[in-house]
Amino acid sequence: MKARERGATIIHVDPRFSRTSAMADLHVPIRAGSDIAFLGGLIRYVLDTDSYFKEYVLNYTNAATLLNEDFKGPEDLGGFFSGWDPESKTYDPSTWSYEGGAIASPAGQREHATQAFSEHQGGGMMEGEPQRDETLEHPRTVFRQLMRHYARYTPEMVSRVCGVPEEDFLKVARLLVENSGREKTAMFCYALGWTQHNAGVQMIRAAAILQLLLGNMGRPGGGIMAMRGHASIQGSTDIPTLYDLLPGYLPMPKARKGELTLRDYVDSNASDKGWWSHFDKYIVSLLKAYFGDAATEDNGYGFHHLPKITGNHSHFPTMLRAYDGGLDGLLVMGQNPAVGSIHSGLQRRALARLKWLVVRDLAELETATFWRDGPEVRSGELRPEDIQTEVFLMPAASHVEKEGHFTNTQRLLQWHDKAIEPPGDARSELWFMHHLFKRVRRHYAGSQSGRDWPIVNLAWDYPEHGPIREPDAETVLKEIGGFDIATGKPVAGFGELKADGSTASGCWIYAGCYKDGVNQTRRRDPGDLDAEGGWVSPEWAWAWPANRRILYNRASADPQGRPWSERKKLVWWDEAEGKWTGYDVPDFPPDKPPDYKPDKDAKGMSALAGTDPFIMMADGKGWLFSPAGLMDGPMPTHYEPYESPMPNLLYPELDINPATLTWNRPDNPHQATGDPRYPYVATTFRLTEHHTAGGMSRWLPWLAELQPEMFAEIDPILARQKGIEDGGWMVVETARAEIEARARVTERMRPLKVDGKRVHQIALPWHWGFGGPSPGDSANDLGAMSGDPNVSIQEDKALAVNVRAGRRSGETTERLKDVHAASHAEPAGDAPSENPGSS
Amino acid sequence: MTEIAIERDDAQRMGFFTDTTVCIGCKACEVACKQWNDLPSDGGTFRKGGSYDSTGRLSGNTWRHVRFVELADAGGGVQPDEMPDLVATAAGNGSTIDVEAAVAAFDNWVFMSDVCKHCTNAGCLDACPTGALIRTEFETVVLQPDVCNGCGYCVPACPFGVVDRAPEDGRAGKCTLCYDRLEDGLEPACAKACPTDSIQFGPYDELVDVAERRVAALHARGVEGAYLYGAADAPEQQLAGGLGAFFLLTEKPERYGLPAQAESPIQENVVPATLAAMGAGLLAAAGVAAAFLWEKSR
Amino acid sequence: MSREFRPAIGTPASPDFGERSGEKVDLHIGQWKDGRWSYLFGDDTEYRTPPTQVPDIEAIREAAREAREGELPDVVQGPVINAPVWTWEVPLYFWFGGIAAGSSFVALACDLAGDEDSARVARNVALAALMPSPPLLILDLGRPERFYNMLRIFKPRSPMSLGAWALSAFGGLAAAAVGADLLGRRREAKLLGGANAIVGGYLGSYTGVLLASTAVPVWGRSRLFLGPIFVSTAAATGAAATRLALVATGLPVGHPTRRALGTVETAAMSAELILSVINERRLGPLASGLEHGRPGKLFKAAKWAVRAGLGLRFARKRGGPGVHHVASLLYLAAGLMFRYAWVGAGRVSARDDRAVAEMHRAETHGT
Ligand SMILES: Nc1nc2c(c(=O)[nH]1)N[C@H]1C(S)=C(S)[C@@H](COP(=O)(O)OP(=O)(O)OC[C@H]3O[C@@H](n4cnc5c(=O)[nH]c(N)nc54)[C@H](O)[C@@H]3O)O[C@H]1N2
Ligand SMILES: Nc1nc2c(c(=O)[nH]1)N[C@H]1C(S)=C(S)[C@@H](COP(=O)(O)OP(=O)(O)OC[C@H]3O[C@@H](n4cnc5c(=O)[nH]c(N)nc54)[C@H](O)[C@@H]3O)O[C@H]1N2
Ligand code: SF4
Ligand code: SF4
Ligand code: SF4
Ligand code: SF4
Ligand code: SF4
Ligand SMILES: [Mo]
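For the protein sequence lines, the chains are A, B and C, in the order given. If you're matching positions, the first sequence starts at 5 in this note's numbering and goes up one per residue. If you're matching positions, the second sequence starts at 5 in this note's numbering and goes up one per residue. If you're matching positions, the third sequence starts at 33 in this note's numbering and goes up one per residue.
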């Protein structure tokens, strides 16, 4: 809103006309799941009209870099990239690398790259010297390849695929170009409309390419902003709740034959050049934080005691394992998979096959009551007396009842104090884990067994205070923020971390958040906002890394180190002082001059030139083409969603992203592309009035009254065709389930003309579940389990469905009753059940 | 002074300036008000009409209400029988109407956070027989729940449909402009919660000043329709003598459920109505007496 | 379907008058400083025109006039006003109160005409009709146990306040008058009765003023008619009730008081009918409340009852006194129906969003 008041033009690309659209200058309805075609169209427009920011592109991106001769793209291979292995249904990315500069893929070390920092990981492994053609003429330059790849993403094609009229598309394109360049920057804000697709990662890649072409990266008012969800969801990837990462995006070690030593691990993850040459300092400091004095150089700082991963342990495989009887127990802390995870009917049935289940939450939510009142129980498929799962429901303290920090989407760590004591038995997560661990450790007291070593030796001596013996959260933060072991003095930043075991830090990227012994995250001084550059507010909380507010901000200055423009000034090279300076903390070695050229065999950060702003990438360039790190191709390519009423118009041979993670099983049936039984596109969305799976809103009368019932938004034309009345009941169905909802017939939904045909879209809020004071059917009962190949995220934003007027015929998930009954009859045992590969 | 009022020399008129052009319809204000004032929920009713407004109106339990104004051609959601031609076309029955255009007639969505206007000439205050409604030192109109006996007269006396009797409580209820917070120097809960400053709170004169400049800025930006509802009017145009809580609107007032003109119905009607009634009373009495005397004399 | 969500916590809070507690709290800011700082709309936004540029007040007023004058928009998204909350007790009270007021007129007239016995009966009727009024009114309160707050203040501006006082005064006087009658103190009774007729003049009409002084179109726009209509009803029903009471106490046929009462009820009822019809015509679309729904039906029925009564009055010559009694009963019933119709019409009218909006669009705030 502030941006709008300052004159920004806001464009909203969304299937629905929402409250956001009402605030925007332009709303462009789009067919759910077709965004890569749209973004690809924009990339083509920018290249085609020569509107890219030439100096930026040439100097700061890998546009001029030559690609390997063996690289082939979808234009050559009918939708595939080179390296496809139909056997394993995965790509071998070795042909995607640069000419002369091999990017050794980390494949083999890690199951797959993961969320936010996949590129950094891939970005670290460069060897050799890539070839460049500064004229951009060579057909194998990234730039030419990009042009070739997107040549067919014409406005006409965009219109056919996305249902966006050409003139609307061109308007967006023009606005974007007009608002980028030296004087202006444009920003992309995205969230689930892009991410929760099988091509979620590629969606963001497409935006990144566009922003690099337009010169909008590392500059104020630019970038691509992930509107990250839960409070501190960013924190939960920094210090991850993900199975394949250690804190600070260090990869989780993978089990292999023979012993994996710390040295092996560091060797396969660190790089010669660029940022990741410091890898050893981070992992050793982490191990010192874990095991304290017990971590010594001789025992590899306890590295081999870390758990190792043996496969894909993400949410779906884990739940399927539970379903197949391979999992005893589950701790569910602040999550509601019985409502929030896709194919929730299967999720609930999986819960019913556990031996025990601990649910820590604010309300008695569906995940804790599925055995009593879930749809499968109501339909008679499951009987409470048969369900062996013992459910422990533990009341959790809410955020106002405990202290700690949230890391927001801007990587800002903001401390919050406790406002009131938690009521009754409600306890914080910290309390729970702390006291749980203390009790567990009691059982291992004195054990000499190597297996028990990590439990016995974990450095765990947090002070407790207050009547409920709450562990001290600031002490935990201090440990995360890093300190010198000898003196106990907090470090000023990750630059002070050492690989010799003399420092400890629970998460290297947070190092410095307790600088000078002061809780930096607790600062609340916005500073003088009207002063020049005052809007940076460096004294407000603390941002990782190093309190830097905008990443890669070296790119806000031209190659000579001068701001691109006075208006968009952020950091610059101060010739007199011989260092980088500016409003923000420069994201660059402070004294590396712009004209610095590395030697042939320079190592570490000195291998990057003074004009290489993207310091986390091995070549210091923004990647228009990803030579490594992605599982499904180096350039975003349009594929249809996993289930779509439409064929792929761009690559007729290949409807679906071939690398999609799928689990083809009778209990997870798949609707083929164009299945005439499911002719409409459905998407899911959130309401301002509710929060995610409802635990924090459906139980609150003040919020529940604002959106009292599950509904579906449909356009008036479809409503009329189907005899659906505004406010009346309607049913939405897929191969998995049918759910009923109130019909909200509204002009805010508009049918789109896609490839000459009218396509109707249905939008479903997904906040409802069968429990609580405001029950309703769950949109997630409808979807199929499938996953983005890079991060296994579910595809819940584009479904193919059918609708009708009236109420459902049975319980939501009853149509798979027999399939489940059969699987109960013959439990699959421990055999791995996943079938990675496309259908 | 015909009103029961608290006077304090150093106090000034405080009010709200609600700028609908920056309201995002999040209803945070509505919830904040309920929470601060501990008001019960109204119960959940799914309302037709396409909008997300489930509380519907200001009431004894809803002292802030965010209205959703859907600006389709016909407005306020789609009646099934309003669109036969669209459907015919969609079904390919050869109707000539342009479906895209018709559905695209949906124009915009406007939100407006409605509240008690704290009128200069407050009908509710004029009506209240118990003195439960009073004028405070901030020139706001506050209902003292410990005095109100639920007579209900303030309800039809408010020309803005604000105050109402809460069925389960029996007393009337309406916005207090957070009198209890103002006393402590805090801004009202709703304004505090508003993430976009659509609700601005402050000394009345300052707010009018800001509002005037805002309208000028919007006009300059091409939003010709922007106008102030309840402030800066010429005396003969004033709404209820001027509103302590006034609005910046872009559509005609009735689209937001607001009257184009308003006055305290008491101040407007009591005198003429009483005169007429008393005149009629005298006439009636005289008539009765005359009838008797005439019958007697017969 | 409506879902029941229990009140979140407790009951609505009362603002804590006069007590300041905030200053004792940590981090208390005070002086509304929290509200005066705006991140969003600082000087760096277009939100405020540069201070040098003085906004053109005329243009601003013109924009408001543009929006507020002229035709109603196609859609009125109501509710514009809240519907009155009064339930069945109120019209019933209006009816009883009207009878009481009307009988007090009759008592005075009888006294003036020298028919002291009839005056006594009329005073009894007045008291009897008054008796149910306070309980009815109290029953209608949202908080009946606080009825005494009605007399907490005296507020001339509020018809309800004046009405409460008038009702109390009337009750006191009526009781005192009847008491004086019982004690055989004719003179005092006469004086008290006379005083009561004056209070009755207000009691019988203020209800009309009370309804007229609201934002409800059908009431507000009838402001010059409601008082007279209500007074007419009061006079008619009072006369009819007293007439029947006198008949019951054996006042002979042809007695001037009986005749006079007949004339009064007929004349008053005719006046009421005529005023009502004129008013309804005058109101045009704003009369919707009187024309639709249950109140509309009642209103129609009431008008027919009056017409029937009037008809019977003239048929009396052939039918004898019995027919006249039926007419009196019809008037009483019509009076009751009128009361219910008028109160009910307010609800319908308040919910007729277009009518409400139309009323305020109308150029003049006319009669
Ligand atoms: N009030 C409230 N706030 C929340 C949450 C909440 O539940 N309630 N949840 C929090 C969480 S966990 C998250 S992750 C964020 C999520 O925040 P958002 O991403 O904003 O959430 P959604 O509403 O799920 O999806 C965004 C929009 O994507 C559109 N969309 C669907 N499919 C497509 C598509 O294929 N292409 C395009 N371009 N758009 C599409 C939908 O119509 C919807 O309007 O919000 C956070 N904030
Ligand atoms: N169809 C569809 N499905 C989706 C999405 C979608 O857009 N469409 N969005 C997806 C997204 S982005 C997300 S993030 C997930 C969210 O899905 P979930 O994480 O499964 O659901 P939540 O309701 O957010 O669960 C959080 C729970 O934490 C509880 N809680 C709050 N504070 C605390 C605390 O301090 N301690 C503890 N122990 N508990 C606490 C809340 O009461 C709530 O029940 O859903 C995903 N599912
Ligand atoms: S009349 Fe209505 S708007 Fe004015 S102060 Fe009273 S309740 Fe508020
Ligand atoms: S309901 Fe209460 S506040 Fe309203 S007029 Fe009656 S006593 Fe006054
Ligand atoms: S000022 Fe207070 S009482 Fe009035 S609407 Fe805002 S929060 Fe509610
Ligand atoms: S006024 Fe503010 S808080 Fe209320 S709905 Fe609008 S933006 Fe939200
Ligand atoms: S809940 Fe509202 S105010 Fe809080 S972070 Fe989310 S959008 Fe902002
Ligand atoms: Mo999320």
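These are computed hints drawn from the structure, not numbers from a lab. Some clues are possibly wrong.
Claimed, not checked - Pair by pair, the computed Cβ-Cβ distance ranges are:
| id | chain 1 | residue 1 | chain 2 | residue 2 | range |
| --- | --- | --- | --- | --- | --- |
| 1 | B | A15 | C | A91 | 28 to 34 Å |
| 2 | A | A12 | C | E98 | 27 to 33 Å |
| 3 | A | G678 | C | E98 | 37 to 43 Å |
Bear in mind that the values here come from a model prediction, so they are computed numbers and not experimental data. We put the beta carbon where it would ideally sit given N, CA and C, even for glycine.
Exercise. Can you give the numbers of the hints that this structure goes against, from lowest to highest?
Worked result: 3
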